[in-house]
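Chemist: Hey, can you work out the whole structure from these sequences and the hints?
Chain order of the listed sequences is A and B. Using full-length UniProt numbering, the letters of the first sequence map in sequence onto residues 1 to 284. Using full-length UniProt numbering, the letters of the second sequence map in sequence onto residues 1 to 345.
The reader is advised that the hints may include incorrect statements.
Facing chain B, a subset of chain A residues (Cβ under 7 Å, in silico) [to be verified]: (1) G191; (2) P204; (3) N208.
Output of the computed footprint for chain A on chain B, the stretches with three or more beta carbons under 8 Å from beta carbons of chain A [what the hints assert, rightly or not]: (4) 97–106; (5) 212–218.
Selected chain B positions facing chain A (in silico; Cβ < 8 Å) [unchecked claim]: (6) L52; (7) H89; (8) S91; (9) R146.
Don't read these hints as lab results, they were simulated from the structure. Note that the coordinates shown come from a computational prediction; the quantities given were computed from them, not determined experimentally. Glycine included, every Cβ here is placed at the ideal spot set by N, Cα and C.
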Amino acid sequence: MKREPPQTVADYGPLFFPAGMLLLFFVVPFGTMIAVSFFQRQEGGFYTPAFVLSNYERFLSAFFGGVLGFSLMLAITVAICCVVLALPFTYLLSRLTRRLQVFWLVALLSVLSLSEVIIGFAWSTLLSRTAGLSNLLVKIGLLDQPVALFPSFGAVLTGMVYQALPYTILVLYPAIVRLDPTLMEAARTLGSSPIRAFFNVLVPALRNTIMATLIMVFIFALGSYLLPQILGRPQHWTLSVLITDQAIYQSNMPFAAAMAVFLVLVTLGLVALTLLIGRKGEKA
Amino acid sequence: MSGLVLNNVTKQFGTFTAVENVQLAVPHGTFVCLLGPSGCGKTTLLRMIAGLEDPTNGAILLDGADITRVPTHKRNLGMVFQSLALFPHLSVGENIAYPLRIRGAPRADQQKRVDELLTLIHLSGYGGRPVSKLSGGQRQRVAIARALALSPRLFLLDEPLSALDAKLREAMQVELRQLQQKLGITTIVVTHDQREAMTMADTVVVMNGGHIRQAASPIEIYRKPADTFVADFIGSTNLIETRADSSGAATIFGHRVQGLVLPAGAQKATISVRPEDVHLTAPGNGSIDGTVTFVRDLGGTIETFVEAGGQQIIAVSTPRERPEVVAGQAVGISLSPDVCVVLKQ
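Modeler: Now the structure itself:
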């Protein structure tokens with residue numbers, strides 16, 4: 001269906017409300033944050049309007065650079081783990097009977113109702129030495145004595161993957177359900193085993209969805225600031241943890257804002273890069 | 001025996017029986033159409049032959065070997081799906097080369113075979129195009145070429161032409177039949193279109209309710225339908241009640257029909273008479289008398305609706321032998337016994 005482009009101001013009418021909301025609740029706060037990132041901090045107090053670059057200068061150090069690198073690495077790892085786990089799961093889910101699918105989706109949605117705090121403390125108990133899963137491994141003879149599996153990088157990763165997995169599945173689900181099931185059958189009649197067909201038909205056919213899901217989980221994981229604190233050591237703290245720390249505990253709003261702006265810029269850059277690579281791959 | 005043999009194949013989905021005790025032999029190189037209304041089990045039967053469904057009971061043999069439990073990807077089939085199932089992320093050539101690629105054929109061989117097949121389906125030079133840039137008929141042919149890439153032992157098609165418009169469909173039917181004869185490949189097509197089945201098949205298998213009602217050549221299915229369902233489903237027909245009179249001779253609406261013989265001992269039977277076999281005469285001259293209720297002149301053919309014995313009988317004739325009748329006129333219907341097919345009860 002071909003539509004005519006809008007002619008008069010009135011034609012744009014339906015856009016006014018969402019545009020207004022976006023302006024009021026997104027552009028204005030974000031603009032405020034950018035402005036604050038250039039303000040002068042008052043030691044022990046608040047901040048005064050000014051135009052200084054010291055907040056950004058302070059950020060350009062090996063320490064914050066390292067934290068930024070770690071944050072990005074963690075978010076990318078979480079995104080990849082989630083998609084790798086969710087893709088086969090969602091595919092198998094889409095082949096179940098309608099009733100079982102509804103059951104699983106409701107179960108996944110109920111996981112979303114858990115707060116980050118509860119997830120964090122639940123995993124810290126599960127991974128602890130005294131009450132954790134390692135006791136089970138001792139019982140079945142795989143370990144000699146229980147060990148503490150947290151705080152560690154693995155624990156942070158586990159917690160964050162657990163938190164992001166339901167979102168990943170819910171994003172992949174519609175695309176996989178809509179995918180023509182005869183594509184996989186056709187691959188089988190042409191001589192592909194089901195596992196090969198999964199990799200050389202389903203995954204490439206869902207390429208764009210997988211890209212979009214990776215980006216979504218990546219951004220979602222980048223904002224996580226509780227789980228790294230609960231399940232990790234200080235070296236596992238992400239930039240989001242430091243931003244929270246500066247904004248709330250150090251009362252250094254300008255520096256927190258500068259870090260947040262920087263994080264947004266780096267994230268946008270990475271997303272743009274991913275899209276660019278995706279488009280190039282499509283042409284080839 | 002070489003070819004495909006289905007031995008008492010049954011498929012149940014829960015309590016629903018989709019296919020029941022199907023017995024069928026398809027000799028090597030023949031073209032078989034599974035024909036029936038939707039829900040008759042024809043697609044399920046095809047999917048069992050392909051290995052996409054496991055039969056609940058029975059065995060499937062290909063060239064003497066039992067393939068009932070052989071997984072699909074080891075059966076060496078070519079299958080064309082109703083949706084065509086062309087891989088959207090691959091070009092035309094890559095789609096056709098897919099079965100060769102996953103078997104690790106050298107690149108040069110793949111290219112050679114793809115070119116051969118593109119020539120076969122009259123799409124030379126289309127190899128590099130994305131599938132989405134093709135028309136419906138072209139996609140159809142690409143799906144066929146992909147299924148034939150490995151010279152499979154069995155060529156299966158599930159309602160392959162249903163997405164095409166009527167004109168293209170007719171042309172593709174002829175093309176498909178010619179292709180099959182050229183390659184001599186055992187082919188099974190599922191369709192609900194009887195014209196399609198009549199055009200292409202060596203053997204038409206008419207199915208209903210999970211059973212095979214009749215399996216025979218198209219002309220035999222048309223001329224000698226086995227039962228009421230087949231007679232009614234294939235073409236249009238007049239189904240007429242016949243009774244035996246006191247002397248045992250067959251009568252229609254009380255009139256004796258010379259030469260028509262009912263099965264021994266039967267008191268009544270249903271016969272099928274094709275409309276083109278119904279001839280109209282002057283009243284009193286035929287075996288049945290009736291009244292014309294409507295004349296439909298279609299130019300190429302003329303259909304005359306006659307009310308006789310409380311039932312409507314349709315006669316079809318060509319303009320050359322046009323019966324000069326109008327609605328309301330009394331006519332006689334003459335039925336020669338050799339066009340009356342006594343149907344199984």
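Chemist: When the hints from earlier in the document are held up against this structure, which numbers fail?
Modeler: The structure conflicts with hints 3, 5, 8, although it agrees with all the remaining ones.
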